[in-house]
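Participant: Letter by letter, the chains look like this.
2 protein chains.
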Amino acid sequence: MTRPADVVRILGVDPGLTRCGIAVVDVDARRRAALVHVEVVGTPPGTSLDQRLLRIDEAVTRILACHRPDRAAVERMFANNNTPTVLGTAQAAGVAIAAAARAGIPVGLHTPSEVKAAVTGHGDAGKEQVTTMVTRILRLDAPPRPADAADALALAIAHGWRGTALGHAAGQTGMDTADMASRAGRSHSAARVPLPTRAGEMTAAQRAWLAAERSTGGRRR
Amino acid sequence: MTRPADVVRILGVDPGLTRCGIAVVDVDARRRAALVHVEVVGTPPGTSLDQRLLRIDEAVTRILACHRPDRAAVERMFANNNTPTVLGTAQAAGVAIAAAARAGIPVGLHTPSEVKAAVTGHGDAGKEQVTTMVTRILRLDAPPRPADAADALALAIAHGWRGTALGHAAGQTGMDTADMASRAGRSHSAARVPLPTRAGEMTAAQRAWLAAERSTGGRRR
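Just so you know, the protein sequences line up as chains Z and G, in that order.
The first sequence begins at 1 in the numbering used here and counts up by one.
The second sequence begins at 1 in the numbering used here and counts up by one.
Hints listed in this document are in silico derivations from the structure and should not be mistaken for laboratory results.
Predicted model, so just to flag it, every value in this text is computed and none were measured.
For every residue, glycine included, the Cβ atom is placed at its ideal position computed from N, Cα and C.
It is possible that part of the hints are untrue.
To be verified - To be clear about the criterion: a stretch of chain Z counts as covered by chain G if any three or more of its residues have a C-beta under 8 Å from a C-beta of chain G, and this derived list gives those stretches:
{"hint": "1", "stretch": "19 to 28"}
{"hint": "2", "stretch": "49 to 57"}
{"hint": "3", "stretch": "88 to 96"}
Stated by the list, open to error - Residues of chain G clear of chain Z, computed beta-carbon distances all greater than 10 Å:
{"hint": "4", "residue": "ASP28"}
{"hint": "5", "residue": "GLN51"}
{"hint": "6", "residue": "GLN91"}
{"hint": "7", "residue": "ALA93"}
{"hint": "8", "residue": "ARG102"}
{"hint": "9", "residue": "PRO112"}
{"hint": "10", "residue": "HIS122"}
{"hint": "11", "residue": "GLY126"}
{"hint": "12", "residue": "ARG139"}
{"hint": "13", "residue": "ASP141"}
Next up, chain Z with everything else stripped away, as it sits in the complex (with noise of 0.2 Å):
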């Protein structure tokens, strides 16, 4: 149980029914990412919902328990999706931030592109392009399957970041994001790469995260 004082322990939740991701990663204040765990849990779409939700949260709260993040992060969702299984998506996320609340943590809510952009650089990456960073980032054997898990690290990955080095404070803004798609692909020599000081010196992952966020203006639900 006893990690490095310099190490934040991420948990990262992409929400849904049929497969939510449950990702935790070590992130210390080099910015350098380990895996920790991940899972996609799930039920086939003609289970109860309430059998849905309950496995969500039996699955988020077993992994909270075992690994005792200090941060979760959670997919943040807008009105404007009109996909069929939006509300599937909600109600999986809501139940996800509820058992991280109960376990006292604080929750960050990202949205899609500003994963994407602080883990590939581009807000509008593809799943792919997120995967194979995600996996250059852990220094894995090989990519996490399915996309869900995936994304599930990519999650925590960036709020990791987000809330180390120029800042150590979640909830900041774009600016404490760093290098980090940059970095990832030379993740052992991370650690010597000096962080940027002042806004000129944004990298284009800085800049992407910077736009991402702007564009949400901080809104919430």
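Knowing the structure of chain Z, use the given hints to seat chain G on it.
Facilitator: Only chain G this time, still in chain Z's reference frame:
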């Protein structure tokens, strides 16, 4: 804690982040309904989403532990609802459903039209009509306020009526909803009104419920 064998205790939740109505009602085999508990919980819109959902989770969990209902009923939502609050309402509903599932009780979902049809005889009844009928059905001295309290009570009553008498299993067709609204106005003598047993004897309330049920087609998210 001991209740007569013919009494079913129902939790009804009208979900919402700002105002979440939570009601507990006892319904006996003669369809008499009695108030056990009702409250409205919530948080101001500026509160963080995790604390808003936690508030609902804690309230529903506390009421489940305190009053030990046999079943729960939560509002069924549809994706074509485009109000700005729909996602927050879905998340609140998800948290309430998961809390009931954790407590091991079955959860029924009903649309507002089904509930209005059950307690007033009209699927498109207004909030005041629902409040008036709930006040009469439960023989209350004053109408429950705010409307969220009345809506949660109506949901619990409708679910209890649906699951008693003609068919004792929740989840059957609308045929087991009986002449709920008509007897509500004379609740003390309700037990003496013979229950209809053939389709041809359906009351206006039964027909309204059946139409509402058919229009939703038992869809699940």
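Participant: Now tell me if each hint is right for this structure.
Facilitator: Now for the hints, and whether the structure bears them out:
1. 19 to 28: violated (count 0)
2. 49 to 57: holds (count 7)
3. 88 to 96: That given contact holds, which follows from 7 residues of the stretch 88 to 96 of chain Z lying within Cβ reach (below 8 Å) of chain G.
4. ASP28: holds, 25 Å
5. GLN51: With a cut-off of 10 Å, GLN51 of chain G comes too close to chain Z, as the shortest Cβ separation is near 7 Å.
6. GLN91: Non-interface label on GLN91 of chain G violated, nearest chain Z Cβ at 3 Å vs cutoff 10 Å.
7. ALA93: violated, 6 Å
8. ARG102: Non-interface label on ARG102 of chain G violated, nearest chain Z Cβ at 6 Å vs cutoff 10 Å.
9. PRO112: Non-interface label stands for PRO112 of chain G: nearest chain Z Cβ at 15 Å, farther than 10 Å.
10. HIS122: HIS122 of chain G is indeed farther than 10 Å from all Cβ atoms of chain Z, at 26 Å.
11. GLY126: Given a closest Cβ separation of 25 Å, the condition holds.
12. ARG139: holds, 31 Å
13. ASP141: holds, 35 Å
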